[in-house]
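Asks: Here is how the chains run, residue by residue.
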Amino acid sequence: MMSRLHIALFAMLGTLGTGQSAAAPVTQPDAGLPAIDAAAPAKTETATFALG
Amino acid sequence: MIRTRVGYAGGKQENPTYHQLGDHTETFEVDFDPTRISYEKLLEIFWEEHDPTSRSWSTQYKAAIFYHGDEQKRQAIATRDRLAARLGKAIRTEVIPFSRFYPAEAYHQKYYLRGNKPFLTELQRYHPQDEGLMNSTAAARINGYLGRNGTADALKAEIEGYGLSESSRQALLHAAGVKR
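Sequence order for the protein chains is F and V.
For the first sequence, the residue numbers in our numbering are 1 to 52.
For the second sequence, the residue numbers in our numbering are 1001 to 1180.
Since the hints were made in silico from the structure, they are not lab data.
Note that beta-carbon positions come from the ideal geometry of N, C-alpha and C, so glycine has one too.
No false leads were slipped in.
In silico DSS-like pairs for lysine-lysine, Cα to Cα no more than 25 angstroms straight-line: (1) LYS1156/V to LYS1117/V; (2) LYS1062/V to LYS1041/V; (3) LYS1089/V to LYS1062/V; (4) LYS43/F to LYS1041/V; (5) LYS1073/V to LYS43/F; (6) LYS1073/V to LYS1012/V.
Far from chain F by the CB rule (all over 10 angstroms, computed), these chain V residues: (7) ASP1070; (8) ARG1074; (9) HIS1174.
I would like the entire structure built from these sequences, with the hints used as guidance.
Replies: Below, the structure is given as structure tokens:
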């Protein structure tokens, strides 16, 4: 089991930055994906953390 | 936040697993849209969510920032040093260069979502492979709201985009504490 801190912060981060990206084009949803997945911007940055 | 995943980083062992972690540390990664949220904001949350002055128990569970590039390094060190000055204590959380991330086994990904079978089953119709589910924004959002994070307004504003059935949408709103 990953640590409780990881699980909690990880879940919280998943809800941040909601709403349509300013950088993302407004697209018609791919019928095979949830609209939010189909509209995810291709250009992102990555951050990596460990919480102990 | 676009994608979230947990895994292992920081060590030299090839292809670590949870039970053969070697010299790696349990980590999590987020892919974020910098036009929506800044790296500095993520650092602010990170520093707030743990005690950076406490000694790490082990390599597996240590606290660390794995920076990607010079700008992340600059911001990580700057925020660490400001915090040290404010607290008047040494910061033990490490700031180290990112090298490689190994995703953890599928059963570690999206903990709250995996504990709620109806949501998981619906998302697996779109993402039958574990990698697709791990990289799904909808999965990250639903996992977060099931953990009772986020705001009701944000959830209501975009829940239509999660690909859920009407009954699951209502269940998620209820689970997240949104009153109809």
